[in-house]
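Residue numbers (numbering that gives the first Met the number 0), protein chains in the order written: chain W, 0 to 309; chain C, 0 to 309.
Hints in this document: simulated from the structure, not taken from any laboratory. Do not rely on the hints blindly, as some may be mistaken.
Copies of the same chain look alike in the list, so a pair counts if it fits in one copy or across any two.
[Claimed, not checked] Below are the SDA-like pairs computed for lysine to any residue, each with C-alpha atoms no more than 25 Å apart in a straight line:
#1 Lys257 to Pro112
#2 Lys33 to Ile114
#3 Lys257 to Asn206
#4 Lys257 to Gln115
#5 Lys60 to Leu22
#6 Lys288 to Ile127
#7 Lys167 to Gln154
#8 Lys288 to Phe261
#9 Lys306 to Gln125
#10 Lys60 to Arg291
#11 Lys60 to Gly89
#12 Lys214 to Glu133
#13 Lys167 to Ala279
#14 Lys257 to Pro166
Nothing here was measured: the structure is a model prediction, and the numbers come from that model.
2 protein chains.
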Amino acid sequence: MSIAVSLPSSDKTEWWCQMLRDLMPDWNIYPIDKVPDPDAITYSVVWRPSTGAMTPFRNLKAIVSLGAGIDHVLADEKLPEDVPIIRTVGTDLTQRMKEYIALHVLRHHRELPQIQANQAAHVWDQIIVPPAPERRVGIMGLGNLGAAAAQMLAQIGFNVVGWSRSPKTITGVTTYAGDASFGTFLDGTEILVCLLPLTDSTLGILNADTFNRLKRGASVINAARGPHLVDRDLIEALSSGQIAAATLDVFHVEPLSKDHPFWGHPRITVTPHVASMIDAPTGSKIVAKNIRTFEETGSVADLADAKRGY
Amino acid sequence: MSIAVSLPSSDKTEWWCQMLRDLMPDWNIYPIDKVPDPDAITYSVVWRPSTGAMTPFRNLKAIVSLGAGIDHVLADEKLPEDVPIIRTVGTDLTQRMKEYIALHVLRHHRELPQIQANQAAHVWDQIIVPPAPERRVGIMGLGNLGAAAAQMLAQIGFNVVGWSRSPKTITGVTTYAGDASFGTFLDGTEILVCLLPLTDSTLGILNADTFNRLKRGASVINAARGPHLVDRDLIEALSSGQIAAATLDVFHVEPLSKDHPFWGHPRITVTPHVASMIDAPTGSKIVAKNIRTFEETGSVADLADAKRGY
Numbered sequence: 000m001s002i003a004v005s006l007p008s009s010d011k012t013e014w015w016c017q018m019l020r021d022l023m024p025d026w027n028i029y030p031i032d033k034v035p036d037p038d039a040i041t042y043s044v045v046w047r048p049s050t051g052a053m054t055p056f057r058n059l060k061a062i063v064s065l066g067a068g069i070d071h072v073l074a075d076e077k078l079p080e081d082v083p084i085i086r087t088v089g090t091d092l093t094q095r096m097k098e099y100i101a102l103h104v105l106r107h108h109r110e111l112p113q114i115q116a117n118q119a120a121h122v123w124d125q126i127i128v129p130p131a132p133e134r135r136v137g138i139m140g141l142g143n144l145g146a147a148a149a150q151m152l153a154q155i156g157f158n159v160v161g162w163s164r165s166p167k168t169i170t171g172v173t174t175y176a177g178d179a180s181f182g183t184f185l186d187g188t189e190i191l192v193c194l195l196p197l198t199d200s201t202l203g204i205l206n207a208d209t210f211n212r213l214k215r216g217a218s219v220i221n222a223a224r225g226p227h228l229v230d231r232d233l234i235e236a237l238s239s240g241q242i243a244a245a246t247l248d249v250f251h252v253e254p255l256s257k258d259h260p261f262w263g264h265p266r267i268t269v270t271p272h273v274a275s276m277i278d279a280p281t282g283s284k285i286v287a288k289n290i291r292t293f294e295e296t297g298s299v300a301d302l303a304d305a306k307r308g309y
Numbered sequence: 000m001s002i003a004v005s006l007p008s009s010d011k012t013e014w015w016c017q018m019l020r021d022l023m024p025d026w027n028i029y030p031i032d033k034v035p036d037p038d039a040i041t042y043s044v045v046w047r048p049s050t051g052a053m054t055p056f057r058n059l060k061a062i063v064s065l066g067a068g069i070d071h072v073l074a075d076e077k078l079p080e081d082v083p084i085i086r087t088v089g090t091d092l093t094q095r096m097k098e099y100i101a102l103h104v105l106r107h108h109r110e111l112p113q114i115q116a117n118q119a120a121h122v123w124d125q126i127i128v129p130p131a132p133e134r135r136v137g138i139m140g141l142g143n144l145g146a147a148a149a150q151m152l153a154q155i156g157f158n159v160v161g162w163s164r165s166p167k168t169i170t171g172v173t174t175y176a177g178d179a180s181f182g183t184f185l186d187g188t189e190i191l192v193c194l195l196p197l198t199d200s201t202l203g204i205l206n207a208d209t210f211n212r213l214k215r216g217a218s219v220i221n222a223a224r225g226p227h228l229v230d231r232d233l234i235e236a237l238s239s240g241q242i243a244a245a246t247l248d249v250f251h252v253e254p255l256s257k258d259h260p261f262w263g264h265p266r267i268t269v270t271p272h273v274a275s276m277i278d279a280p281t282g283s284k285i286v287a288k289n290i291r292t293f294e295e296t297g298s299v300a301d302l303a304d305a306k307r308g309y
């Protein structure tokens, strides 16, 4: 009946411990570096755990990932084998991602980066853009977050297409599935949004070949994982004009290093991995519920597939 | 069977004349300064006509305003009396306004101006904002455009309240009507959007009293008319922190003069009256249809009330 909690900062680890203690008074909840008896730990609650952090826990029933992705857990080369991984998703996280994607798609659609550059130069230039129904927006990844974002964009009025590994049906969205249809999905797309899970087959998928298939002057939004993007290919596509602008929320190394060229690039908007932040007061309720359900039934709806990678 | 067209620039006047000629081949369509016989003019199609521009047209049946507002027509002190004014509204214009309001409300909601200031300083600061359902957005004006924008924001998930002169019912939106409820409408509002018609009673409504009633640190978006805003009151409210940020699409004088302090204000976003632009290819179809309907029936759905002012 003990839980180990591990986040990259001790402040945040303590915040989560406190929230979970309030919700789960029958449980002993410890920061991972202050566990008195490793054998008593049956669950770990983690975001970017350090390598080998969970090796001492021989009685682990499940690992809770503090996010929709599990790539940050699988990155641990010494991860205990065959321990189920529970993803943390919920309406609050879906809501936040919908907002982020709607905001940044609209921002590129309405050419706000150019309008703001004009403001800086005191230039009044009435740029007329087509209305949303004439703008093709492509969503890569149609899991909980991707499907919700696609539906939101369709409600706003965009011409939305979606692409995923396995076939999906979403009201108001034209969907494509599998590698064979990836090119068709990209053809004519003007705003490309990445919400894919990070797996061996999606690593580096935002590359020169993908960019070249989009409509010239397209925009790219990456709110999935840093390694989906080949950084150098983006810089080159921005230089050539094939890509007009990009918004990036995720990076190969986070926080983004102070001297990274993305910070100062005039056509790249950097947001600090805030598209869909879990805060402890909201997230701890989802985590507590998932642990209780798993404890009682041996499973939960948001169980990840470690072999598939998401 | 003749129409006079008047826009502030001769290029745009000629563009509209050409579009209308294509759609109305039975009619003679002239730029207002090239009308051969003023008595033959039965309709004028105008945006910001100059004072007295329509005085020579003694047989005018109706004036077509190239926009949802008619304030720019009523501003003509020599306007022929008792000539009906037809507003130009349509799904395309409503769509564009919905997009603009969704974009700028989301931008303030997610604190993107601060995140972009952080980017300029290479600062990684993960600002956590509440989700949209916990954010109260107030829409002033619930005509075609205001009602559509309010509904769009409710679909995104915001807590939307609306205020108008006469009572309105909008799904998912709490509405208030009349002067007596204005304060209640403003209480707790964090993002205030102005989409009111410009009349004697709405002139200067975005003033210190209004700002002081909002939640401290609120944002203001004006996509209606420049004179709704008391410019100096906004500057002062931004200095005091009562208002955190503003987005302005409309101004007392347009284009905004090169040396206006709004251009360089770090907390004001200036967009050049593009929230809901009518372009000639789309707008001319609405205008042609309205003139034909008025010619056949003596009325149209989008007839304005000159006494009321909108």
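Checklist entry - What label fits Lys257 with Asn206 when the C-alpha limit is 25 Å: within, between, both, or neither? => result Classified as within; 24 Å inside a copy, 41 Å across copies.
Checklist entry - Between copies, within a copy, both or neither: which fits Lys167 and Ala279 at Cα up to 25 Å? => result neither (32 Å within a copy, 39 Å between copies)
Checklist entry - When no copy is named, should Lys33 and Ile114 be tagged within, between, both, or neither for a Cα gap of at most 25 Å? => result neither (52 Å within a copy, 35 Å between copies)
Checklist entry - Which holds for Lys257 with Gln115 at a C-alpha limit of 25 Å: within a copy, between copies, both or neither? => result both (24 Å within a copy, 15 Å between copies)
Item to check | Within, between, both or neither: Lys60, Gly89 at alpha-carbon 25 Å | outcome: within (22 Å within a copy, 59 Å between copies)
Next on the checklist: At most 25 Å between CA atoms: does that hold for Lys288 and Phe261 within a copy, between copies, both, or neither?
Outcome noted: For Lys288 and Phe261, neither the intra-copy (39 Å) nor the inter-copy (50 Å) Cα distance is at most 25 Å.
Item to check | Status of Pro112 relative to Lys257 across identical chains (alpha carbons, at most 25 Å) | outcome: both (22 Å within a copy, 20 Å between copies)
Next on the checklist: Checking an output row: Lys257 and Pro166, CA cutoff 25 Å. Within, between, both or neither?
Outcome noted: neither (41 Å within a copy, 53 Å between copies)
Next on the checklist: Regarding Lys288 and Ile127, is the shortest C-alpha distance of 25 Å or less found within a copy, between copies, in both, or in neither?
Outcome noted: Result: close only across copies, 23 Å inter versus 49 Å intra.
Next on the checklist: My question is about Lys60 and Arg291: at a cut-off of 25 Å on alpha-carbon distance, are they close within one copy, between copies, both, or neither?
Outcome noted: For Lys60 and Arg291, the Cα distance is within 25 Å only inside one copy (12 Å; across copies 74 Å).
Item to check | Homomeric proximity label, Lys167 with Gln154: Cα distance no greater than 25 Å | outcome: both (18 Å within a copy, 23 Å between copies)
Next on the checklist: Within, between, both or neither: how does the pair Lys214, Glu133 come out at a Cα-Cα threshold of 25 Å?
Outcome noted: within (13 Å within a copy, 38 Å between copies)
Checked against the numbered hints given earlier, the structure breaks hints 2, 8, 9, 13, 14 and satisfies all the rest.
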